[in-house]
Each structure stands twice: as structure tokens, then as C-alpha cells.
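Asks: So the chains spell out like this:
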Amino acid sequence: MTDAIVLDRVRKNFGDFVAVNDISLRVPRGSIYGFLGPNGAGKTTTIRMMMSIFYPDSGSINILGEPNSEVIKDRLGYLPEEKGLYKNMKAGDLVAYFGRLKGMSKADARAKGNELLERFGLGEWINAKCKALSKGMGQKVQILATLMHDPELVILDEPFSGLDPVNTEVVRDIILDMKRAGKTVIFSTHVMEHAEQICDHVVLINKGRVLLDGPITKVRAVGGSTIQLDYDGDGSVLKTLTGVTRVNDAGKHAEFVLAPNYDADHLLQQIVGKVKVRRFDTREASLHEIFVRSVGSDTTVRGE
Amino acid sequence: MRKSLLVAQREIMEQLKTKGFWIGIFLFPVIIVLSVAGPVYLERAKSIRAYAVQDSSGWLAEAVEREAAVADTRRLLLEAQRREMTKQDVDKLPPVLAALAPVMAKLPPSQLDSAARVLALGDSAAATPLADANRTTVLAVREEYRAWFDTASASTLRAVSSAPSRVKYRKVPATGDLNRQVRDAELFAYFEIGRDPVKDNSGLTFVSRNLTDDDLKDWYEGIATELVRKRRLAQEGISAQTASWLNAETQFTQRTVSESGEQAAVGMKDKLRQNAPMVFVYILWIAIFSITQGLLMSTIEEKSTRISEVLLSSVSPVQLMAGKIMGVAGTGLMMILTWVLTALLATKYVPAMLGAPAGQSDFSSLLTDPILLASFVVYFLLGYLLYAAILIGIGSVVNTIQEAQALMMPVMMTLMLPLLAMVPIGRDPNGTFAKVMSFIPTFTPFVMMNRAAGPPTVLEYVGTTLLMVAAIAFTLWASAKIFRIGILMTGKPPKMREIVSWVRTPSGMVPGRREE
Numbered sequence: 001m002t003d004a005i006v007l008d009r010v011r012k013n014f015g016d017f018v019a020v021n022d023i024s025l026r027v028p029r030g031s032i033y034g035f036l037g038p039n040g041a042g043k044t045t046t047i048r049m050m051m052s053i054f055y056p057d058s059g060s061i062n063i064l065g066e067p068n069s070e071v072i073k074d075r076l077g078y079l080p081e082e083k084g085l086y087k088n089m090k091a092g093d094l095v096a097y098f099g100r101l102k103g104m105s106k107a108d109a110r111a112k113g114n115e116l117l118e119r120f121g122l123g124e125w126i127n128a129k130c131k132a133l134s135k136g137m138g139q140k141v142q143i144l145a146t147l148m149h150d151p152e153l154v155i156l157d158e159p160f161s162g163l164d165p166v167n168t169e170v171v172r173d174i175i176l177d178m179k180r181a182g183k184t185v186i187f188s189t190h191v192m193e194h195a196e197q198i199c200d201h202v203v204l205i206n207k208g209r210v211l212l213d214g215p216i217t218k219v220r221a222v223g224g225s226t227i228q229l230d231y232d233g234d235g236s237v238l239k240t241l242t243g244v245t246r247v248n249d250a251g252k253h254a255e256f257v258l259a260p261n262y263d264a265d266h267l268l269q270q271i272v273g274k275v276k277v278r279r280f281d282t283r284e285a286s287l288h289e290i291f292v293r294s295v296g297s298d299t300t301v302r303g304e
Numbered sequence: 001m002r003k004s005l006l007v008a009q010r011e012i013m014e015q016l017k018t019k020g021f022w023i024g025i026f027l028f029p030v031i032i033v034l035s036v037a038g039p040v041y042l043e044r045a046k047s048i049r050a051y052a053v054q055d056s057s058g059w060l061a062e063a064v065e066r067e068a069a070v071a072d073t074r075r076l077l078l079e080a081q082r083r084e085m086t087k088q089d090v091d092k093l094p095p096v097l098a099a100l101a102p103v104m105a106k107l108p109p110s111q112l113d114s115a116a117r118v119l120a121l122g123d124s125a126a127a128t129p130l131a132d133a134n135r136t137t138v139l140a141v142r143e144e145y146r147a148w149f150d151t152a153s154a155s156t157l158r159a160v161s162s163a164p165s166r167v168k169y170r171k172v173p174a175t176g177d178l179n180r181q182v183r184d185a186e187l188f189a190y191f192e193i194g195r196d197p198v199k200d201n202s203g204l205t206f207v208s209r210n211l212t213d214d215d216l217k218d219w220y221e222g223i224a225t226e227l228v229r230k231r232r233l234a235q236e237g238i239s240a241q242t243a244s245w246l247n248a249e250t251q252f253t254q255r256t257v258s259e260s261g262e263q264a265a266v267g268m269k270d271k272l273r274q275n276a277p278m279v280f281v282y283i284l285w286i287a288i289f290s291i292t293q294g295l296l297m298s299t300i301e302e303k304s305t306r307i308s309e310v311l312l313s314s315v316s317p318v319q320l321m322a323g324k325i326m327g328v329a330g331t332g333l334m335m336i337l338t339w340v341l342t343a344l345l346a347t348k349y350v351p352a353m354l355g356a357p358a359g360q361s362d363f364s365s366l367l368t369d370p371i372l373l374a375s376f377v378v379y380f381l382l383g384y385l386l387y388a389a390i391l392i393g394i395g396s397v398v399n400t401i402q403e404a405q406a407l408m409m410p411v412m413m414t415l416m417l418p419l420l421a422m423v424p425i426g427r428d429p430n431g432t433f434a435k436v437m438s439f440i441p442t443f444t445p446f447v448m449m450n451r452a453a454g455p456p457t458v459l460e461y462v463g464t465t466l467l468m469v470a471a472i473a474f475t476l477w478a479s480a481k482i483f484r485i486g487i488l489m490t491g492k493p494p495k496m497r498e499i500v501s502w503v504r505t506p507s508g509m510v511p512g513r514r515e516e
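Heads up: the protein sequence lines correspond to chains E and H, in order. Heads up, the first sequence is in our numbering, so the first residue is 1 and it goes up one at a time. Heads up, the second sequence is in our numbering, so the first residue is 1 and it goes up one at a time.
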């Protein structure tokens, strides 16, 4: 099966600033592909080039087997990071309008839009102006507008930002449904848990370069194992331990990367009595750890 | 193209939902209707002013009344004559005037006064100059006319002509305490006439509490002056002919030269034609100004709410820009067509609806002048396109209306110039200044409209239009380049130098600014 997206040494400069520095990657068809990276890494610029909003200065982009992505715009769906709606348009009119811009007929767009809004619990808002919607509802409306025309490939830039847990679950289900239907989903996020939970593939970008790229299992294997601790009490002591190269402390949960020649027993002995331990085990490194480690060292690691 | 049309369609629907559009579309017609209907209505609403006269001369007050009746009759006869000659609304005249109308149409202008005297005063001696057939008719109906005229109500008279004094003033007998009556507003005013007005003005007073409206005083003075002068002439043994010859002013008759190069009379329409372009310039200016503002607003909305990026994933920047410009042009055309239509209907029908006599059709005929109208629509579209291209470029680089204002300043200044130059250009439509201004594309639509009375040569029409089209093409091209970069940009608006550099970079490249 051909890849949904192939980027070959794609480069984009903004004046003297290199936003995207010779990025090459392949997005397999039917996969959920995570675009990870810190702010300013070049994620949005890369995505905009995939959507032919920008054009690369050099290198080539091939989308759904088509080198000229202008031609296949109607087969793509795009949810930008900055989300907005026409405030004075009715929700039903808005999704229908975006559907029609993607080539749907007036009647189809209207019917599909209403059906989607009904299905996602926004039925009573079809005739409400968008300015009356809450932020979460507005974001759902916008995601639905992106999916109106049943695109083969969807690019979602930070789809979970600003959503409550219930709506996060709704959006996650939408993404999983698309995968089941054989579509390709690319989404970018800062939240590693989201990527960990649903991605088949991830790519980690920093300063316009690919740091890590591959199936999630392979990428996680790169990180080796770490110690996971659930605890109660004052976590400040965790920073002072010996035999530890790094602690990712989240307040109730901490992840330790052990220094060479130290083991878990040594760590546990230091912790006991200082905080209340609820769980202590050795596991595969979290994506978060891999992210922090890679961005910190900024050396290209290939997980193939 | 399909996508641009979709964008245009949405733009129109959205503009139709804004209050500004409906205010724009209705405010102007309301102003037009009010300005036409207002004076007619005000004139009618003015109550008839009662006045009294204390006459110590024993003749002047009565003579004034007689002359006033003659003057009123003359006006009524003139109107009957006009209707008979234009075959308009003759059947709406009161029967006695309708009967007189055919005679009036045949009467030489010099004899109109005699006919009026016969009818108003029953003075059969005045009928002598009339031709036999006319005299017979006039003498036959004079009793009937007197009966009708003495009892006719103000509204009956006004339906014929708005001018007769009887519609405005009414003499009441001078009885009781006149000062008190004036104070209590029972009387508008009273006149006092001295013992010998022929000698001098001593004892002539006009007593009223309204010190601003001199209409009644002026009207009365006018008639009294004539009567007193006649007596003075008689006293000095000067004939009326000699007197009027002595009094006659030296006048030049205004004439113009027609298209075929011959001398021709100047009509009302010609005068209107000279001034109408200025009205059109105003309307054109307001239309272009308000419509392009709408375009600016909607561009800023899309940018500030970040919808533009979603749109750009479905349409190209050029499609989006074209769609927006077309959509707003659609609403603009709707607006100006409504304006022109109401102006047409208002000038044609409103006065008649309010009971004023018809006859102001000169203005409405001018409005239906196809060349003037067509050039108005064409110049609207050309002017709109040029300013739309500029404003959509500005809208795409700013995030808020406040930021837009700074960039709008030079555009506003440019737009003000043709308004300031309007009167000088109207006076000298083919002067060097007007010609030079016509060839500056930002002024072309206004100045050429302004010069319509000139009119400019065909060469100038073609030349300025070509230049304008070239300017529009260039501006749209530059604006599209600015738009595709600006619409996605966030943060502080760019400096002019930066914008110029965007125009100069080839499409697809994004110069000098970090995006994330």
C-alpha cells in the first residue's frame, strides 16, 4: 500500500529563519500519525505545506499519490490550531458552507451537517448562531465541519486543546472511527498521553528537524526502561536523590531515569520514609520522557 | 470559480444580515423622500395667516385686495394654460378653470393679465384687448368664476397651484383691540396705513410678534408699492409705458450651444444636467466608501477569528479574495440600484402623492438618462474594484479595526480629494486641473462623473478607463500577494517596507517573518 503522505527533504525559510529544515517522512495509509514537538518546532508550517497553504522552498510533497496537492484539496480535511467560527452564522449553515466549499452539493451538505450535529449532541444548536456556542461546542462544530465531506486524510492541529474530558473522549472516538473506516489521521499535540494512547506512528520534530520517527512501539523501545512511582507527600525530596539522571515529577506521579550502574532497589531505599509510596515499578519509558530527552539532547534518533 | 461564487454567496448573505447594510439601503432613500416631501409638506402645514388692516388712506387696503385677487387668478389661469398645453390632468381642474383652459392656451401672454382682471374683478372694460371669441367665453364665465374663487377653500386652490396668496394669507376685518389679538395669536399681524401713502411712508407700520417670517410683509409691500407708484405717475402726468420703460433693467438672455453647434435656448433640464453630476459624485462616493468598509470589516473578522486558515485549506487565497470582492460588489450593486430607483420614484411621484402639481419631471427624466446611469454603474464598479483591492490588502495584514485605521489614513486622504475638488471641477469641467485629475486612477471615477456635464472627449473616456483598468489589475495582483501572506500572519502589523517586499517576492515564498 502506498503512503498517504510522503515528504522528501522539504525545506521552508521565512527570510533568514529556517522553519522547516529538510524534513523527510512517510505517513502510512490508514494510520493515526502523531506530530509531536515543542512550540516553534515547525509543526504548523509543515502541516500548512501539506495542505498547500504554504509551498516548500525546496523538496517535494506527495499527498495521496498526488504531487500537486491543490488538485486533491477536496479529499483532505484540516482543523487548524487556531480555531474560529463565523460568529453570526448559524451552526447548521456553517458546517454546510464548509461542506460545500469541499465540493458537496447544497442538499447533501445540509443533510450531512444536520446529521452530524444531531449525532454529536448539538441537534438543538443547528439554528443557533455560533457566538452562542460554548468553546467546547464551537470546537466540536469545527471538527464536524472538517469531517463533513468524508475526507480520506484528516489533519488535526491540536484537536484536544480546550476540551473537557467528556468531549476529549468524543473527539478521540471520532479519530478512532476514522481509522476503522480506513482513513488516515494526522494530529499534532503537546500532550504526550494523547499521543501514547491512540497513535500508531509518531514523529518528533524540533527546530525544523525530525528527531524521532517510527511506529509508537519502536519509538518507545528507544527510551529503555524507567522507574514509575505513584506517591503522596512532599515531592521536593525526589530531586535530591543519588543515582538518578532525571526526574519527571508531576506531583503525585514521578518517573525516574536511572544513572548507569544503579538499580531500582537503591532508589526505593532512598524514597521509603520520605514520601508515602503507593506504587513503584519498572516500565517502558513514557513518551514524555523520550520527548524531553530527545529535545534536550537534540540528536536525531531513528527508531526503525 | 465555483468556490469563489460560494464565498461570494456567503458574503452577500452575511452582509444582508448586518444592520449597516439595511441602514445604508434605507437611510438614503428616506433622506431623498424627506427632502422632496419635506418642503411640500411644510408649506401645506403652515396655517393660513390671518391679518387685519387699519386703513386711514381710504383706498390702499381695498386696492391691494383687488390686486391680490388678480394676481391669484393670473396664477390659476397660467396653471390651467400649462395643463391644457401639455394635456396633463386637465380633467382634474375645477370645472370653471377647465372651461377656461382652451381659451387660455390660445391667449397671447400679454393678454393674460386682462383676462385675469375680467375674471377677478368682473371688470368688463378690461376685456377690450381680447380677441372676440376669447372675450365672449371669458365674459360668459366671469360670474361663475367669481362665485367659485370667493368660496374656494385653500386646499381646492392648492390642488391647482401652490402659489396663490389666498392659500397663505387671509384678511379679516379690523375690529376690537388688534394688539391684544396679535398677542393672543388670534391675528398673525396687522397693517396700519397712514393718511397719504402716496406722499411718503409716514404712518405705515406692520405689527406682529413673529419677527423672522417676513413673507406676509414682503408680499403686501410688493402690491402696495405698485399701486402707490401708479398714483404717483398719474399725479406727475407720466404714462405707464414711459414709467415701465424707465424702470426696465438691462438683461442678457442666457443661451447655450447645442451638440450640432447651433445656439439654443437654455432649459431647466440643461441647468440640472450641469449640477446632477455633483449629486452623482456624492452618491458614488458614499457607495464606494461604505461598501469597501464592509469588505474591510469582513476580512478583519475572518482574520481575527482565524477562519481564514480553514478557508485556505479548501480554497486558494486568490479564490477567497475574488469571492469576497464579488460578494461585496453584489451587495453594493443592490444598494445603489435601490438608491437610484427610490430617487427616481421619489422625484417623480412623491410630490404628486402629496397633492403638489406635477411638473418636476425634469429631474426624474435626468435620472433615467441611460448614459448618465450606465456611466454611474460602470464608475461604481471600477472605483469599487480599485478601493476593494486596496482595502482587502489592508484588511489582510491587520488584526483589529484599530490597526486598520492607521493604514486607512492615506486611503481616506486620497478619497477626500475628489470631494474637495468637486466644485472647482464642476465649474470648469474641461480645464487642465480636471483633465489631470481624470488621469489619476484613484480619482478617475469621481472626476469623470463630475465632468459629465462637460462632457469629456471620447478619447479621454477611453484613455482614463484603460488606465483605470490597468491600475485595478496591478492593485489586485499586488493585493493578492499581500493577502496570501497577510491573512495567515499574526502579531504586529507589518511596516510599509515589509509589505512592499511581499509584493516583490515571487508567489509561494514567504519573506522575512517567523510564523510560529
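Keep in mind the hints are simulated off the structure, nothing from the lab. Check the hints yourself; a few may be wrong.
From chain E, some residues computed to sit far from chain H (all C-beta separations above 10 Å) [stated by the list, open to error]: (1) D74; (2) G77; (3) G84; (4) L85; (5) R100; (6) L101; (7) K102; (8) S134; (9) Q142; (10) A145; (11) V222; (12) Q269; (13) G273; (14) K274.
The calculated DSS-like cross-link candidates involving lysine-lysine, where the alpha carbons are at most 25 Å apart (straight line), are [to be verified]: (15) E:K90 with H:K19; (16) H:K492 with E:K207; (17) H:K19 with E:K131; (18) E:K207 with E:K274; (19) H:K492 with E:K87; (20) H:K106 with H:K92; (21) E:K129 with H:K17; (22) H:K19 with E:K87; (23) E:K218 with E:K252; (24) H:K17 with E:K131; (25) H:K19 with E:K129; (26) E:K90 with H:K481; (27) E:K179 with E:K131; (28) E:K135 with E:K90; (29) E:K106 with H:K17; (30) E:K207 with E:K179; (31) H:K217 with H:K199; (32) E:K239 with E:K274; (33) E:K239 with E:K218; (34) H:K495 with H:K481; (35) H:K217 with E:K87; (36) E:K135 with H:K217; (37) E:K252 with E:K274; (38) E:K90 with E:K129.
For glycine and all other residues, C-beta sits at the position ideal for the given N, C-alpha and C.
Asks: Which of the listed hints are not met by the structure?
Replies: 1, 2, 3, 4, 5, 6, 7, 9, 10, 18, 23, 26, 27, 30, 33, 35 and 36
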